[in-house]
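From just these sequences and the hints, can you work out the full model?
There are 2 protein chains.
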Amino acid sequence: MRSSNISMISTILSMSPLNVLVRCLFLIFCCLTTSALAAKTRHFRWDVGNILWSPDCVENLVMGINGQFPGPTIRARSGDTIVVHLHNKLHTEGLVIHWHGIRQLGTPWADGTASISQCVIKPNENFVYRFKVDKAGTYFYHGHYGMQRSAGLYGSLIVDVAEGEKEPFHYDGEFNLLLSDWWHQSVHEQEVGLSSNPFRWIGEPQSVLINGRGQYNCSLAAHFSNSTSKLCKIKGDAQCSPHVLRVLPNKTYRLRIASTTSLNSLNLAIVNHKMVLVEADGNYIDPVAVENVDIYSGESYSVLITTDQNPSMNYWVSLSVRGRKPNTPPGLTILNYHSNAPFKLPISPPSKSPLWNNYTHSKIFTNKILALESKTSKPPTRFNRRIYLLNTQTKINGFIKWSINNISLVLPSTPYLGSMKHNLKGAFDQISPPETFSNNYDILKPPVNPNSTYGSSVYVLEYNTTIDIILQNANALASNVSEIHPWHLHGHDFWVLGYGEGKFSEKNDEKKLNLKNPPYRNTAVIFPYGWTALRFVTDNPGVWPFHCHIEPHLHMGMGVIFAEGVNRIKNIPDVAVNCGLTANLTKNT
Amino acid sequence: MRSSNISMISTILSMSPLNVLVRCLFLIFCCLTTSALAAKTRHFRWDVGNILWSPDCVENLVMGINGQFPGPTIRARSGDTIVVHLHNKLHTEGLVIHWHGIRQLGTPWADGTASISQCVIKPNENFVYRFKVDKAGTYFYHGHYGMQRSAGLYGSLIVDVAEGEKEPFHYDGEFNLLLSDWWHQSVHEQEVGLSSNPFRWIGEPQSVLINGRGQYNCSLAAHFSNSTSKLCKIKGDAQCSPHVLRVLPNKTYRLRIASTTSLNSLNLAIVNHKMVLVEADGNYIDPVAVENVDIYSGESYSVLITTDQNPSMNYWVSLSVRGRKPNTPPGLTILNYHSNAPFKLPISPPSKSPLWNNYTHSKIFTNKILALESKTSKPPTRFNRRIYLLNTQTKINGFIKWSINNISLVLPSTPYLGSMKHNLKGAFDQISPPETFSNNYDILKPPVNPNSTYGSSVYVLEYNTTIDIILQNANALASNVSEIHPWHLHGHDFWVLGYGEGKFSEKNDEKKLNLKNPPYRNTAVIFPYGWTALRFVTDNPGVWPFHCHIEPHLHMGMGVIFAEGVNRIKNIPDVAVNCGLTANLTKNT
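Going down the list, the protein sequences come from chains S and D.
Position one of the first sequence corresponds to residue 8 (this note's numbering), numbered consecutively onward.
Position one of the second sequence corresponds to residue 8 (this note's numbering), numbered consecutively onward.
Hints may be right or wrong, so weigh each one.
Note that identical chains are pooled: a pair holds if it fits in a single copy or bridges any two copies.
[Stated by the list, open to error] Only pairs whose alpha carbons sit at most 27 Å apart, straight line, appear in this in silico BS3-like list of lysine-lysine:
no. : residue 1 : residue 2
1   : K432      : K96
2   : K173      : K518
3   : K240      : K523
4   : K96       : K402
5   : K240      : K370
6   : K432      : K258
7   : K519      : K432
Rather than coming from a laboratory, the hints here were simulated on the basis of the structure.
Encoded structure:
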């Protein structure tokens, strides 16, 4: 569309003034009607329920949508309105669905966070999610109640550029790779173990999945492995049969990669194929070539690959665990050059992945991600408020928790959006949570006093101000342990001003912050013993969680709540907040 | 207390008139204060949540109360008020608790049935059950939402006679045996399998449990078994260690036996010890000696045993599966005579149980249960309305269901108690369900047309009338299959007027009905290809389910709803019906 407009403009330049006027009016008319035609309302009818499915060739109970796993891919254009008519077919469990990366501008009640933006949708009940996708990019959706994301409640959400718009890069075709990790133990058992004293960790996953498909206890690339793993024998139509990427030679493909893992950080590589990163979390980035892609839970990337290798062969696409000592074999699929057989096994082994604890590799990769300046707004140069968030592993009455500034988040029964709108002070802790932590805190050692407290308090942020967040990592309860945490913000993208080692120091680190071309994202990682500095503007009235995207960490309290401009929110649908203390208020307000 | 009153009266008879007056006033004062003191309000604080537990020596997710399985035993006296302050600690599941056998006179909102008497209690929410236990007997409680009973949500509820009252039989001590069956597959998986097409049956249980304790993959009595099962090696303090019955020689013990099985009919026997049945479902029965006890899900019995055997030995208590071809070894525990070691294994093998399909044995046993006439009201001699309920296995869109008069019960989102009280006609099917089935229906063959429909309609019963129910069994979908179904009525006891073979015939069977001393119960079985006739009086305003107590059968629609005198119900607590269509009504009514 855009190219035809350009050719029309060049034609116009060679014409008479009257002709120009007529043509110009016609052009304006075309543009108006095109844009009016282009923005669509897309309806989806979803039944969410448990199904029996074999994500990694082992049958399990899986939370599916319309009888399938992963849930259906939503595909829309920027500017469209998505309407999901959801019916809860679970027998005894409530649910909500979060649209990860969609900022919900003007629709904070559609963010899909239980106890925050809405009441849980009860079994046999319906709920309609209606929201605009305002920005092209690679997104996904997932359950945001209990640990239902880990139960398989997720799918892809792809937003193309609006009709007539173009991406700032070219590609001939695309693939969508939604990455996840998978346990055979039920999520209910995982939740109980994590909430028990003595604590029971969920362990490493049995499998990593690409588009919900993995292989447990066998390997597609067994003959390259040192281990005794046997070769997978998978029928082409099996639920665990890998999603093969079928390509033509000498073309450019866009791989949309998103990670909804419960726990694992991952590294994706394709043998002999370089990748060029072009998008992160729904924002364009300065194109950068990489050998492989580190991706943390909650992140998404688009990479371009060129199919410039020997077309008589297929190539491994591999997915390895990073940041935790792996006990899970790599996830595999095949880059299949036309016209090889799809399952013709590659003759070279899968790419050697970086060592799980090679954090230098991770940091180099992460620091390569910078905004495409021509397409990204710049951060305000000054902040109005800076909040330091210390990430610590703590104990409460002997139970192991994660805490932020020594508070472990517990969500209230009444969703914040309703209780804050109605100014119900009894609904959650009214104290202001701490802005920072003690100057003397030694982040390199286990906490001297490991005890923290439960809390449901809210960081109330002034509307239309600039907020800095300094995420500060620290040592966990055990000596010499500091973990990776990918932090995800709802309702916003933020500028990632920088990553650093040790404790953030205004004196030394302030000047290192990147105000020129920081990447604009919704998820950012903190490395072990390091800090990460983020900036965002409170221009989206709502109540927005900001939390570690590792599902068991969030379950253990690793998050905070931000609220901004709640008094400006109008027309919260009754049904969204018709529970708890706001159950009987909604009709009267 | 009663005996001391009697001796006081005899003393009075031998005294002077003034003395008599003083003594009489004192006696009246004593009685008044005694009775005032006697009726107590007993409070219980329960946290309900999933726990990791090993009911049969295999660890599993179990729904527990206050961290234990089975839930705590409630013990009270007739006339007491029970107040259970319940907190839902499940992460994503709602729950309710039904007090099985308690008629909830005047408190129909405390019956604990999801979508019928109340809204589901959501995670992190509280609910207070407050009800009177008006009649001594052996009861139990259990979840009544989804298949949460099968998940382990149950416990005993024992009501002793009121202070000053006596049981019509003597005993020196008592034991409480709550029987259940146990699967290793999660209830969520069971639910999905039962709701799938193709249908997946849950299969026979891995273990039967006595007071929540069983032994999987080993036997306490291995050396008597023909099979290759190995001897259990169980530590005395293990969660699956059997609950040994420690007795003194030459005493009489009351065994309170209740079955909350999900599926299995059971037979309980004790080597060399005859039993005398004295109570069924909280009502006294004419004492009758039996060799062993057949017990169906939902039933309870008290039996007396006398410890008149050689006291130098211990004796097996065994629990075998009846009515379905068993694939589960017997549950076992030990009757331990003082002062033998508790785990000294008996030298004689466990009692030989009747063959699983020896229905003659079952029928003889069941027909022995007759009311203790001096303690039981008689049924009205005439009925006002007689409803025939045909039990068939059917299909709906290819899904296998159980149906009653060709309707498979689905519960509405809004509890009937609220929607009927508020006359909300949109809340459930308004048609009257059928009073009977076709005269031509051949109960000996699979249904000619196996298709039925879903329904949520209600049998509205006129207040204070006499209702007869003829439960009619039939052939299932497969030829030559007709199953046992134990039917349980909420809010009432009923008189069991009789059991018969084939199709009930007014002409031939009416005269066989027992109006003299029918047992008064809350659960009655229908045998394969047979009928069972019940009578009750609609004297308890409320909405009461009547259903097969086999958990997967109820899940598949095997129940009906009765409502009586709903306009007489006052003071339904808002919190009980604050959901669905009655969510915002309650404040205004």
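These are the hints, each one checked on the structure:
no.	hint	verdict
1	K432 / K96	between (34 Å within a copy, 23 Å between copies)
2	K173 / K518	neither (36 Å within a copy, 87 Å between copies)
3	K240 / K523	neither (52 Å within a copy, 70 Å between copies)
4	K96 / K402	between (37 Å within a copy, 19 Å between copies)
5	K240 / K370	neither (38 Å within a copy, 54 Å between copies)
6	K432 / K258	neither (59 Å within a copy, 62 Å between copies)
7	K519 / K432	neither (41 Å within a copy, 68 Å between copies)
Checked against the numbered hints listed earlier, the structure breaks hints 2, 3, 5, 6, 7; every other hint is satisfied.
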